[in-house]
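> The residues making up each chain are set out below.
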Amino acid sequence: MEKMPAWADAVLVPIISLLLAAILSALVIVAIGEDPVAAVKLMVQGSLGSTYGWGYTLYYATNFMFTGLAVAVAFHARMFNIGGEGQAMLGGLGVAVVCLYMPWPHWSLALIFATLSAAAFGAAWAFLPAYLQAKRGSHIVITTIMFNFIAAALLNYLLVNVMRPKGSMDPATAKFPETTHLPTLHDILEPFGIAFSKAAPANVSLIVAIIACVAVYFLIWRTRLGYEIRAFGHSESGAKYAGISPVKITVVAMLISGGLAGMMAINNVMGEGERLIMNSTEGAGFIGIAVALMGRSHPFGVFLAAILFGFLYQGGAELALWTSIPRELIVVIQALVILFTGALDNMVRMPLEKLFLMFRKGDA
Amino acid sequence: MNTAADISPAIELKGISKAFGPVQANKDISIRVMPGTIHGIIGENGAGKSTLMSILYGFYKADKGEIFISGKKTLIPDSQAAIAAGIGMVFQHFKLVENFTVLENIILGAEDGAMLRPSLAKARQSLTDLASEYGLDVDPDAIVENLSVGHQQRVEILKALYRQADILILDEPTGVLTPAEADQLFRILNRLREEGKTIILITHKLREIMDTTDTVSVMRRGEMTATVKTSETSPAGLAELMVGRKVLLQVDKVPATPKQTVLEVENLRVVDEKGVERVKGISLDVKAGEILGIAGVAGNGQSELLEVLGGITSGTGVIRVNGQDIDLTGNSSDGQSRRARGIAHVPEDRQREGLIMDFMAWENTAFGYHRDPAYQSGILMNNAAIRADTEGKMQRFDVRPPNPKLTAKNFSGGNQQKIVLAREIERNPDLLLIGQPTRGVDIGAIEFIHQQIVALRDQGKAILLVSVELDEIFALSDRIAVMFDGQLMGFRDPAKTDEKELGLMMAGVVEEEAA
Amino acid sequence: MDFLTIIQVLDSTVRLATPLLLACLAGLFSERAGIFDIGLEGKMLAAAFFSAAIAAMTGSVWLGLLAGIAASLFLSGIHGLASITFRGNQLISGVAINFLAAGMTVLIAQSWFKQGGRTPSLMSEGRFNPIELPFAEALSDVPFLGPIYSELISGHSILVYVALAAVPATWWILFRTRFGLRLRAVGENPAAVDTAGVSVVGLRFAAVAICGVLCGIAGAYLATGLQAGFVKDMTAGRGFIALAALIFAKWRPWYALSACLLFGFLQAIALRYQNIDLGAFTVPVQVMDALPYILTVVILAGFVGKAVPPRAGGEPYVKER
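Protein chains in written order, with the working numbering: chain V, 58 to 421; chain G, 22 to 536; chain Z, 11 to 331.
Keep in mind the hints are simulated off the structure, nothing from the lab. Just to be clear, a hint being listed does not mean it is correct.
What the hints assert, rightly or not - For each label pair, taking beta carbons as the anchor points, the in silico distance ranges come out as:
hint: 1; chain 1: V; residue 1: Glu235; chain 2: Z; residue 2: Phe313; range: 46 to 52 Å
hint: 2; chain 1: V; residue 1: Glu293; chain 2: G; residue 2: Val339; range: 40 to 46 Å
hint: 3; chain 1: G; residue 1: Glu154; chain 2: Z; residue 2: Arg321; range: 32 to 38 Å
hint: 4; chain 1: G; residue 1: Arg448; chain 2: V; residue 2: Pro303; range: 40 to 46 Å
hint: 5; chain 1: V; residue 1: Glu293; chain 2: Z; residue 2: Gln125; range: 26 to 32 Å
hint: 6; chain 1: Z; residue 1: Thr95; chain 2: V; residue 2: Leu166; range: 26 to 32 Å
hint: 7; chain 1: G; residue 1: Asn167; chain 2: Z; residue 2: Gln237; range: 32 to 38 Å
hint: 8; chain 1: V; residue 1: Pro303; chain 2: G; residue 2: Ser29; range: 27 to 33 Å
hint: 9; chain 1: V; residue 1: Ser107; chain 2: Z; residue 2: Val211; range: 34 to 40 Å
hint: 10; chain 1: Z; residue 1: Arg321; chain 2: G; residue 2: Lys521; range: 33 to 39 Å
hint: 11; chain 1: G; residue 1: Gly156; chain 2: Z; residue 2: Val211; range: 55 to 61 Å
hint: 12; chain 1: Z; residue 1: Gln125; chain 2: V; residue 2: Ser107; range: 48 to 54 Å
Quick caveat: nothing in here was measured; it's all calculated off a predicted structure. The beta carbon of each residue, even a glycine, is placed where N, CA and C say it ideally should be.
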């Protein structure tokens with residue numbers, strides 16, 4: 058017999074966790090002497106009240122979809138890829154190489170190759186930790202953390218010493234050529250007569266991210282590979298019985314994970330920055346952890362959670378602009394979401410299971 | 022002078038009961054063990070021996086019943102209380118810190134004061150004393166993981182003695198020992214008895230009971246079926262009590278008509294991760310249209326034999342299926358390639374291997390066969406086809422509830438097993454490997470599963486059956502092989518042998534066949 | 011490089027190694043007891059803020075230190091609750107703690123001081139000031155040894171000496187006391203501890219608490235010793251370098267000292283020189299930044315002296331036969 062119906066596990070547990078995180082966040086706002094209701098209003102207004110706000114919300118959400126999917130795919134193989142940040146940085150490098158050093162007749166071609174290159178760079182950065190985990194048992198959490206820092210140092214070196222245009226003081230690449238400029242939501246929606254803010258950075262990458270969500274859904278639930286990844290994630294001994302190679306699945310799942318994280322760069326580097334700068338990822342790799350936990354590692358859940366976090370990021374920026382609440386409030390909310398949906402999962406789940414059991418007995 | 026009546030038993034259990042959910046592990050168990058004796062508790066796997074001892078050591082709380090130590094009613098809520106009551110336990114799986122020294126392991130939890138140095142010095146001294154007193158020699162400064170298994174076990178015994186244990190419980194102590202090490206252990210136990218210690222020996226090996234114990238209790242299915250003086254019983258008598266006269270499972274089957282040889286195994290050896298040889302040069306064959314049953318007490322290499330045949334682990338030797346060699350160690354040695362060669366495998370442990378417990382029934386139906394072209398449409402898996410296939414299988418194998426979307430862990434044990442069986446049998450394999458087909462399965466499903474296995478035989482398939490249930494071996498097998506300590510003790514015709522003979526063979530005793 | 015420069019670099023090495031060392035020993039206690047802790051960074055950060063904030067408000071660096079330790083202990087408590095009581099994922103808990111600290115410190119700093127997420131600069135009494143060891147002044151003119159004593163050994167704040175003293179203390183606790191024996195045992199095989207009648211939960215909470223105290227001192231040193239006040243994200247990955255050092259040191263106290271001095275040295279070099287000219291080629295400063303992490307990966311891969319973590323690390327203990 059099931060302890061709890063599936064819907065409760067998939068919906069109720071995350072919602073209660075989110076609620077707990079929200080209540081604590083509200084308390085934090087009260088504690089620093091602000092009005093939580095006014096804060097929420099301001100956040101909603103700032104992020105969803107205008108196409109400008111939406112443009113930013115969706116821009117952030119695009120980043121989080123990629124990194125959230127990255128963490129989710131690794132979770133399915135029971136691995137914790139904490140290296141999304143570094144993989145996304147390398148993805149930026151992949152985008153920059155394609156955009157700067159190859160001539161492109163049209164943005165669409167540039168986008169396709171930039172996407173592939175970003176994914177390849179991100180995957181390459183995930184390969185060594187994956188290989189070491191599979192072959193030598195080196196803990197992937199530790200190695201991916203180390204690779205985040207190594208990525209930052211590598212990027213720093215390349216931007217300062219190699220890719221920086223002569224005469225520039227900025228540790229950044231030159232601006233990408235005009236032909237690699239991605240259409241923004243404004244450009245896309247204009248032909249349909251829909252007015253959308255010109256200033257907002259949301260761009261065609263959002264569509265790629267949504268395609269990635271769908272693709273990951275099919276990968277995980279409809280392909281043989283996804284089947285093997287899930288089987289391995291649930292039971293390594295079972296996987297061995299079925300003839301599924303643990304080494305192969307570990308490496309392949311991490312390559313996909315790293316590739317997805319790397320693909321984020323088409324949004325923040327190619328779409329928004331149009332040049333590669335230091336710290337262009339802005340912690341999105343880590344937010345992917347919260348997004349994947351919140352979305353229960355399901356692509357649709359990741360999609361929703363990414364939009365939620367997009368809203369929080371844009372709303373938080375607005376708050377910082379108009380009140381004395383700093384943007385870091387979002388980091389706190391993110392921490393609480395990770396804490397409640399991830400580490401303290403049992404704290405939410407156990408009483409809930411008891412509750413359902415009580416109702417069951419009541420019925421019988 | 023004390024007369025026997027004055028001495029209270031070292032341990033007395035009265036009416037101990039313990040249930041895990043619906044499973045009654047111990048039912049109203051009472052024992053009296055007199056001080057200075059060795060008391061054996063014998064029974065098959067899952068008879069409830071270990072549960073009983075875990076209650077005595079404070080790991081589980083009994084639902085009902087009382088414990089008396091030296092005549093005093095004693096509550097044992099945790100291990101600390103057990104230690105304080107003078108009980109020491111040597112677990113089947115040692116509870117040692119492997120990279121600590123012997124000395125450190127001995128004082129852990131029984132230190133004198135906050136500083137280690139005096140504790141270590143004291144322990145070193147008493148270790149020397151204990152060593153000379155009981156013949157328990159161990160280098161106090163050796164790192165435990167560098168010691169042989171036999172010496173590690175001595176450390177466990179020393180741990181208990183250092184804590185002034187008067188009652189020593191040993192759970193299947195010889196399961197991991199070589200015969201020579203086992204002999205040494207029994208010499209030590211005898212010395213301990215002479216010094217007045219009380220020893221409870223849990224085992225399923227008849228010979229150990231006969232050789233060492235003063236009294237013996239037999240457990241079967243959670244119940245204590247008999248307590249007798251060892252000198253007043255015989256191995257045959259104990260074997261009968263142990264296996265019991267269960268309702269004989271009747272399987273209607275016609276005599277087998279074996280045809281060509283399907284499986285040939287020659288000199289197969291399997292070495293586990295720790296470097297211990299588990300299968301020691303086995304040779305056997307299975308013909309089309311026959312069931313070869315492998316009997317034996319769990320842990321004598323049967324699991325490893327099945328695993329290597331099923332491609333889960335590697336080994337050395339020769340395995341031929343339909344006359345062709347099978348790759349044992351190379352790249353094409355895995356479950357996928359075995360299936361491609363017509364070998365189906367119902368593993369012993371359906372929860373860890375045969376099923377993904379968090380997968381739905383239909384996903385489990387494709388498990389291991391998920392690359393089958395019939396389950397694909399283009400690059401995607403054809404989930405609708407798998408579900409339809411599952412529905413048919415669930416109907417034919419009477420899986421209840423017949424809902425392909427139910428998660429595996431929510432089926433009963435028997436229905437889980439039917440899902441595995443349907444998947445493997447309907448592949449129409451040339452050879453079926455099947456381990457513990459009815460472990461944890463309800464009576465109704467047992468009959469059905471047995472019928473399916475016989476039906477497959479009658480279709481002319483070769484079947485290799487491994488079971489620790491002697492009844493099951495008798496009910497199904499056309500030939501019986503007995504495995505002991507990684508080797509085959511011999512083959513028997515089920516019509517010309519009995520439980521007694523097999524029981525002895527399972528304990529490593531081969532009687533001369535009557536002419 | 012002349013002699014005085016070497017002394018200066020080494021002096022800077024000691025100061026930069028101090029927070030690493032404290033955090034590394036903190037992680038050592040936790041991980042030796044079987045609780046992985048990737049939240050060292052967050053605990054240090056929280057301690058850095060609260061120590062600076064309280065020191066700024068009260069003018070007492072000692073009260074600041076206590077506040078820093080309290081903040082770090084609070085986060086340790088969350089980690090213990092999640093990973094010991096509720097048997098949650100220790101790694102995810104650590105990640106959450108890092109973010110919680112990163113966000114809350116700025117939030118509270120802004121609310122209290124309204125200086126853009128920093129504390130006011132600490133005046134002298136709000137800081138741990140250098141201690142002149144006896145005769146430092148008098149001996150400074152002695153050739154060679156004089157500068158070593160007066161510049162390198164003398165003239166650090168008390169917490170530097172505390173950190174250095176913590177190394178033998180840790181060694182002593184781990185290998186010479188009953189508590190240490192049990193602590194190491196619980197990280198290797200909690201079942202052995204449990205069957206010996208000792209509480210696994212109690213030991214693990216104790217270890218996590220010690221970890222909190224040491225991280226608290228590390229954070230306080232950052233904000234009130236190394237620097238004069240708290241700024242946003244001032245730990246700058248030191249918690250992770252400490253984690254790297256811990257692996258590099260194979261979870262041993264004296265090795266931890268060497269590893270932290272090495273990593274501190276790399277930081278000191280990176281701080282002083284942009285690029286190191288070795289004649290044939292130059293070593294860019296980023297190599298110095300990345301070297302601790304690269305070395306750790308090499309160690310983890312087991313190509314050079316395999317680092318074997320405590321065997322029960324990361325796994326919640328569930329009682330079984």
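> Hint by hint, say whether it matches the structure.
Status of the hints after comparison with the structure:
Distance hint for Glu235/V and Phe313/Z: a CB-CB separation of about 47 Å, consistent with the stated range 46 to 52 Å. Separation of Glu293/V from Val339/G is about 29 Å and departs from the stated range, judged on CB atoms against 40 to 46 Å. Take Glu154/G and Arg321/Z: their Cβ atoms lie about 33 Å apart, and the range 32 to 38 Å holds. Distance hint check: the CB atoms of Arg448/G and Pro303/V are about 24 Å apart, inconsistent with the given range 40 to 46 Å.
Under the hint 26 to 32 Å, the C-beta atoms of Glu293/V and Gln125/Z, about 52 Å apart, miss the expected range. Between Thr95/Z and Leu166/V the C-beta distance comes to about 55 Å, which lies outside the given range of 26 to 32 Å. For the hinted restraint 32 to 38 Å between Asn167/G and Gln237/Z, the CB-CB distance of approximately 49 Å leaves it violated. Separation of Pro303/V from Ser29/G is about 56 Å and departs from the stated range, judged on CB atoms against 27 to 33 Å.
Checked against the hint of 34 to 40 Å, the C-beta distance between Ser107/V and Val211/Z comes to roughly 52 Å, which is inconsistent with it. A hinted range of 33 to 39 Å is violated for the C-beta pair Arg321/Z and Lys521/G, which are about 45 Å apart. Distance hint check for Gly156/G and Val211/Z: the Cβ-Cβ separation is about 39 Å, which falls outside the suggested range of 55 to 61 Å. In this structure the supplied range 48 to 54 Å is violated for Gln125/Z paired with Ser107/V, their Cβ-Cβ distance being about 31 Å.
Of the hints listed earlier, those the structure fails to meet are numbers 2, 4, 5, 6, 7, 8, 9, 10, 11 and 12, in rising order.
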